[in-house]
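Line order of the protein sequences matches chains A and B.
UniProt numbering puts the first residue of the first sequence at 1, with every later residue one more than the last.
UniProt numbering puts the first residue of the second sequence at 1, with every later residue one more than the last.
Keep in mind the hints are simulated off the structure, nothing from the lab.
Check before you lean on any hint, since a few could be wrong.
Calculated from the model, a selection of chain B residues having no Cβ within reach of chain A, i.e. all distances over 12 Å [stated by the list, open to error]: (1) L20; (2) K25; (3) P47; (4) E48; (5) F73; (6) L141; (7) E276; (8) E351; (9) E374; (10) V403.
Derived lysine to any residue pairs resembling SDA-like cross-links, with alpha carbons at most 20 Å apart [claimed, not checked]: (11) B:K64 <-> A:K104; (12) A:K167 <-> B:K25; (13) A:K104 <-> B:L106; (14) B:K323 <-> B:R205; (15) B:K163 <-> A:P96; (16) B:K82 <-> A:P96; (17) B:K426 <-> B:N336; (18) B:K82 <-> A:F172; (19) A:K167 <-> B:S89; (20) A:K203 <-> B:P72; (21) B:K25 <-> B:P79.
Predicted model only: the values in this text are computed from it and were never measured.
Glycine residues also receive a C-beta, built at the ideal position from the N, C-alpha and C atoms.
2 protein chains.
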Amino acid sequence: MYLHKELETLTRPEIERLQLERLQKTVRHCMNSPFYKQRFAENHLSPEDIRSLDDLQKIPFTTKQDLRDTYPFGLASVPLEKTVRLHSSSGTTGNPTVILHTQKDLDEWANAVARCLYMVGLRPGDIFQNSSGYGMFTGGLGFQYGAERLGMLTVPAAAGNTKRQLKFISDFGTTALHAIPSYAARMYEVMQEMGIDPRRDTKLRTLIIGAEPHSEEQRRRIEDMLGVKAYNSFGMSEMCGPGVAFECQEQNGLHIWEDYYIVEIINPDTLEPVPEGEVGELVLTTINREAMPLLRYRTRDLTRILPGECPCGRHHKRLDRMKGRSDDMIILKGVNIFPIQIETILLQFKELGSDYLITLETAESNDEMTVEVELSQLFTDDYGRLQSLTREITRQLKDEILVTPRVKLVPKGTLPKSEGKAVRVKDLRKTF
Amino acid sequence: MYLHKELETLTRPEIERLQLERLQKTVRHCMNSPFYKQRFAENHLSPEDIRSLDDLQKIPFTTKQDLRDTYPFGLASVPLEKTVRLHSSSGTTGNPTVILHTQKDLDEWANAVARCLYMVGLRPGDIFQNSSGYGMFTGGLGFQYGAERLGMLTVPAAAGNTKRQLKFISDFGTTALHAIPSYAARMYEVMQEMGIDPRRDTKLRTLIIGAEPHSEEQRRRIEDMLGVKAYNSFGMSEMCGPGVAFECQEQNGLHIWEDYYIVEIINPDTLEPVPEGEVGELVLTTINREAMPLLRYRTRDLTRILPGECPCGRHHKRLDRMKGRSDDMIILKGVNIFPIQIETILLQFKELGSDYLITLETAESNDEMTVEVELSQLFTDDYGRLQSLTREITRQLKDEILVTPRVKLVPKGTLPKSEGKAVRVKDLRKTF
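So that you can see chain A by itself, here it is in the shape it has in the complex (with noise of 0.2 Å):
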């Protein structure tokens, strides 16, 4: 049932002692950190003021642009030749920020990643393909060496040629894929269309989702189409990539490991710690790594802690599903809206499949939305049945989201598919 008993089955005491170990040895490492030790000491702070978790409070926050202007070797703890492996993002947006590893680190990851397929049933014998693009996207290279920790069969089959996925699945008995949601709905489209019943004709039963935020909703429709039960996954590149907090059987939040990380959640705004349950932005600390450990990361995740036990003995906290990133929620007149609050509201339709998007326009200076949403395969064309099915999801959206949004209804199929992460949302508004 674990992998490593001794450290997932923690009491929460021995978690936080171990916590304020690692993290007193992680804040003296820092020091080698040129940044750290300059940022420490223009705060009059050093490495004996934390003598708990509480005075964690004191170190300032990490954030993205730390990364981007220490580009690309400023935040590393350890000299350069100890490091044997670098992940990149590719910095679209300003400079790519850079995340080291050395071998210990990568080894404390591949067991991170293990621990993680583990706890959701995977075993030696089992054959998971892994769909992730591999080279700099941490999602390749991170689910390969942790699923060879564990000893299943790995089937590297990367990212896009969905045909050729298929054919692996059925050939080798893939009983394990790690996928992005949207890409396990498009597999199971052209499953259909190659006439590939996923119950019959293929071994799947274990799916790993993550990388794009998505409702419980969705994730129902992907194992009702699959045949298989689906576990939600997040990791970061900044903290190393996947493997950092996982679903357990229970598919009731993700347990972080919280021998890995220390986790806050801050107002985004004020950057005080929001109170227990509430909803904010994700907050890391790294305590066992290495090369370059990062405190008080801000993630720019938005989640909540999950109050209570989880039956399944880990005493780690358990996240709550991202409700998207600060970075992607949509303000509009005036009012704050995650795509995926409009997400879950569509996915209570049966009437409608899995695929939508939302443009923002500018129409004689007012902004407005439109939700497009595609139909279900068996839908009717029923003009009378289509116009009262519109007016009920615009009466829900607008519940939820407190705006009222223009609804389309477009056939199956209308929609821009993309083998990537899905394009939900498209920003045309005018800028004065």
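Please arrange chain B on chain A, whose structure you already have, making use of the hints.
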């Protein structure tokens, strides 16, 4: 000087003793594979019949067709649950082929690649950028694991996006690059377009080139362009991937690791061994593999064993650079021609660039060869000089390949470029 001193400096008798021991063990182990068990039975052969290295000749060859016929897992010598990785060919013609690896296989593969990279002078502290495709293509994960094993900082750039590759090279201070030869030449062109002087603006000093047949002239040209030493690498996914044979710093043939492989060179028609030093088809027997050993595998690569001792102190045999694949051979007017013969001639002309295209066509039921080749950037457009150059190239080509091609000099940048393996031959002949 040696990463695995003991294994790299074995004397010939020691190599042969180790080979026999490993061969016997491998053959016994192969009896776990239904394929080999049956093949041995059909040939009234048992593992006990292998008493000396010469007895290897008793074992039938294994071919690519055998891999296809047993697709996907019929050649495994261990239960599937002991394997942790598979690589599959694209299967553009017929069934794909699949190679399986245990954890020990991956370890030994990484060791072999690390040994190669160390042999050419790379060390921890070097920054190694890999421009191979990742995923199923073994050049990606193969070099990744080997370079990490050696302790270099690895940059998993993956294939394509030349400007991004160049940004990595300059931002990260890449000292060593793995690229196929035509792509290395392409990178240099883009550097020129961007005003980058590789000697002045980069720290590149080692290039690993492989996966594409190329001539000594091509290598020297790439070395001159980029200001690097370029080392030949030979590998194939059936043998694991990169790391099978590699040049040492003498740049005089590729040492094949005889603690991993037993080498034979055969006449592809008679299947008999060729006399010492003559060109023929490379046949390899894996003697250090667990999941899927291959006995006397016909690689279809053409090469020869170089005579004499290497000053580097390694007694592992040296392969001559690959002459192409038996499949690449062009038969024109009854003459066997390898594209590499043509390249070797072309690159002796300073007036020519490194891109060329061989087209085979039927004109009035006569098969003809056209060789288009790009001029180098600085060359004249004086018609008289171009004519005499064309004549001289035609004459030298005829001397080498025994048929007279039509030679066309074209301006630089005219021939189609690819970011994958260069396409050198277009066969448009009618088949009757």
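A quick look at each hint next to the structure:
no. : hint              : result
1   : L20               : holds, 32 Å
2   : K25               : holds, 23 Å
3   : P47               : holds, 27 Å
4   : E48               : holds, 32 Å
5   : F73               : violated, 8 Å
6   : L141              : violated, 7 Å
7   : E276              : holds, 40 Å
8   : E351              : holds, 38 Å
9   : E374              : holds, 30 Å
10  : V403              : holds, 40 Å
11  : B:K64 <-> A:K104  : violated, 39 Å
12  : A:K167 <-> B:K25  : violated, 35 Å
13  : A:K104 <-> B:L106 : holds, 18 Å
14  : B:K323 <-> B:R205 : violated, 26 Å
15  : B:K163 <-> A:P96  : holds, 14 Å
16  : B:K82 <-> A:P96   : violated, 40 Å
17  : B:K426 <-> B:N336 : holds, 16 Å
18  : B:K82 <-> A:F172  : holds, 15 Å
19  : A:K167 <-> B:S89  : holds, 13 Å
20  : A:K203 <-> B:P72  : holds, 16 Å
21  : B:K25 <-> B:P79   : holds, 18 Å
Checked against the numbered hints above, the structure breaks hints 5, 6, 11, 12, 14, 16 and satisfies the rest.
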